[in-house]
Amino acid sequence: MLDLLLYAVLPYISIVLFLFVSIQRYRHDPFTFSSLSSQFLESRKLFWGSVPFHVGIMTLFLGHLIGFMFPRQVVLWNRVPVRLFILETTALAAAVLCLIGIVGLIVRRATTSRLRRHTTAADIAVYVMLLFQIVTGMWVALGLRWGSAWYTQTLVPYLWSLARLQPDIQRVVELGLPARLHVIGAFVLIAAFSFTRLVHALVAPVPYLWRPLQLVIWNRVRPD
Amino acid sequence: MNVRSQVSMVFHLDKCIGCHTCSVACKNIWTDRKGAEYMWWNNVETKPGTGYPTAWEDQDKYKGGWERKGDGIEVRAVGKLRGALTVFHNPNLPTIDDYYEPFTYTYEDLIDSPEGSDQPVAKPISMITGNPMEIEAGPNWDDDLGGSAVYAANDPNLASMSEEDRESIFEIQKLVFFYLPRMCNHCLNPTCVAACPSGALYKRGEDGIVLINQERCRAWRFCVTACPYKKTYFNWGTGKSEKCILCYPRLESGQAPACFHSCVGRIRYLGMMLYDADMVEEIASIEDPKELVAAQRRMLLDPFDPEVIAGAAKNGIGPDVIKSAQASPVKKFVSDWGLALPLHAEHRTLPMLFYVPPLLPVLAKVTDNGYDTSMDAFLGALDQSRLPIEYMASLFGGGNEGVVRYALRKQQAIRMHRRMITVGDIDATEVEYALAEADCTPEQADAIYRLTTLASHEDRFVIPPMHREEAIELLGDETPLEAKGAGVGFRRGPERGA
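Same order as they appear, the protein sequences are chains A and B. Counting from 737, one number per residue, gives the positions in the first sequence under the numbering used here. Counting from 37, one number per residue, gives the positions in the second sequence under the numbering used here.
Among the hints, a few may not be true.
Claimed, not checked - Dumping the calculated DSSO-like pairs for lysine-lysine here, alpha-carbon to alpha-carbon at most 27 Å: (1) B:K116 with A:K781; (2) B:K350 with B:K51; (3) B:K326 with A:K781; (4) A:K781 with B:K70; (5) B:K368 with A:K781.
Hints are computed from structural coordinates only; laboratory data are not their basis.
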């Protein structure tokens with residue numbers, strides 16, 4: 737019963753929350769849609785936290801996404817042991833970067849009085865969730881080898897079963913503890929995502945790359 | 037020709053007394069809030085000096101403005117690709133310490149302290165942490181040079197001067213300064229707008245005011261780096277950038293912006309200018325920065341030219357706005373008289389706030405025989421001014437001494453002309469010669485004299501009709517989404533996100 741709640745109900749709750757809240761927040765409370773950068777108050781230590789964290793987390797997100805979208809190709813890639821090593825090492829290196837980054841950011845916030853003073857409960861919640869995900873992820877990587885191989889056979893079919901609205905939780909309940917913790921943590925993180933500053937990832941300024949530089953807005957409709 | 041209208045400004049530096057009334061008026065209206073305590077959308081600096089934020093003109097450190105690349109220009113430091121590389125940590129972002137840590141005092145201690153033999157004191161505390169702090173910087177720390185040469189010596193503009201000149205201005209008798217009031221220049225080619233990855237910054241089509249849509253700002257902070265004048269500020273409380281809005285709610289109701297309205301020295305002028313928007317990129321990309329001042333003047337259009345009027349009508353600029361542009365005092369100072377110059381034109385943003393550079397004549401010398409006030413010429417020679425022309429050219433000429441010399445020579449000639457009329461101790465032929473040298477007629481000299489000294493409120497601030505009534509009607513469904521966040525204020529309180 738608990739398994740059903742965790743692996744078949746929680747995912748839907750978190751996805752619905754994620755979609756509904758982020759759209760609502762974007763439409764009705766766009767002012768709060770911000771990365772809430774604190775670089776202005778502390779810049780030097782931020783470099784050693786923010787850069788490794790973001791590089792690491794983006795690499796890892798991309799890796800998880802590729803495994804989810806193209807499981808067959810990942811399996812084919814992993815056929816040669818050297819390639820498997822390369823993949824796993826890259827993933828682990830990204831996780832280490834991420835861990836260094838998040839620990840750096842936590843230490844920075846705890847030791848800088850300007851930041852500590854303006855730290856909210858949401859900030860702490862974000863740190864706890866991210867740290868939990870990174871630690872359980874590394875535990876999976878080191879304890880349940882080789883993740884990139886079995887991920888495609890177990891979790892990817894499970895995730896696709898969720899996507900097809902026919903949840904098949906058999907494969908996931910049989911996984912080891914670190915993997916199950918990582919899965920649950922992920923759904924909690926997705927559920928909380930749009931309530932926190934993490935929403936800045938949804939408005940990453942990609943369109944800027946092809947936008948004309950200058951922007952002029954007319955209040956009146958111009959006669960053309 | 038793509039005619040656009042721009043609310044533009046002139047500050048007459050010879051009249052600025054450095055009283056900071058403008059800064060206080062602005063602060064009281066706009067930035068007296070949490071997260072904005074350190075912001076001074078308008079501030080007054082002592083020059084030579086380091087200014088606010090400290091040494092903002094040092095672009096080796098802050099990397100603001102545009103730089104020429106190939107035949108075109110690119111945003112320096114941030115911008116599309118370099119911005120993408122520094123999005124997680126921006127090495128060129130000033131921090132609060134480059135401005136100052138905002139502070140208040142424990143005033144309640146004066147009342148609540150228990151009775152004792154000591155007089156209670158109000159201790160300074162940080163407005164960020166609430167902890168006691170040592171005040172080591174302030175919004176105007178080097179005002180009047182703080183009584184020393186330390187701040188003046190760190191002025192980045194001194195790089196343009198020879199070692200000899202640099203030493204000479206710091207001899208204590210010659211130590212000289214003037215005031216430089218600064219605010220957003222509402223540039224024609226704003227780097228802040230170009231650098232904003234979210235598209236939150238924009239220029240209003242009707243009046244050219246540069247604004248930040250608070251609901252689209254995502255705190256990437258590139259505008260702060262990009263503005264070479266450091267006139268966009270990051271609100272650390274709300275996580276949004278903010279800047280001078282040229283008091284558009286006042287302008288729209290026919291009032292001058294608060295800093296203009298409150299100016300005690302009456303140094304400020306405001307009026308509509310017409311320009312050719314198709315020329316912006318070409319002019320901003322001119323190879324030699326020394327040409328920029330003259331080139332920018334070329335793109336300002338004559339509001340009496342029938343062709344310009346027709347082009348303006350085509351772009352929806354009404355006849356009442358044209359009329360306002362024809363009466364603009366800014367047009368007179370900038371286009372007609374060549375007296376007003378943009379600040380640091382070399383950053384290629386085409387700023388639309390112009391400065392009449394101050395005449396700083398040497399009026400007397402200390403000699404062995406005492407105080408000698410008999411100068412060779414009335415007000416002395418320009419090249420013997422207390423601040424060298426190179427220094428002024430670094431500020432107002434984009435490095436070009438010619439345009440500065442032109443503006444100063446004309447001011448000097450006008451003073452001679454007026455002295456002849458009011459005191460009569462200068463020979464008429466000498467004045468005639470000086471006016472001719474300065475490319476000025478007696479009529480023009482009188483007009484400049486009148487607008488400089490006798491101008492009324494209505495002469496100084498020719499506020500164009502902004503037709504807000506039309507804009508509000510259009511804020512219905514047909515208006516593009518972006519305009520809804522533009523200038524209509526918040527539907528609810530601006531609350532920080534989580």
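| query | Which of the stated hints cannot be reconciled with the structure, identified by number in ascending sequence? | reply | Numbers 2, 3 and 5 - these are the hints that the structure violates, sorted from lowest upward.
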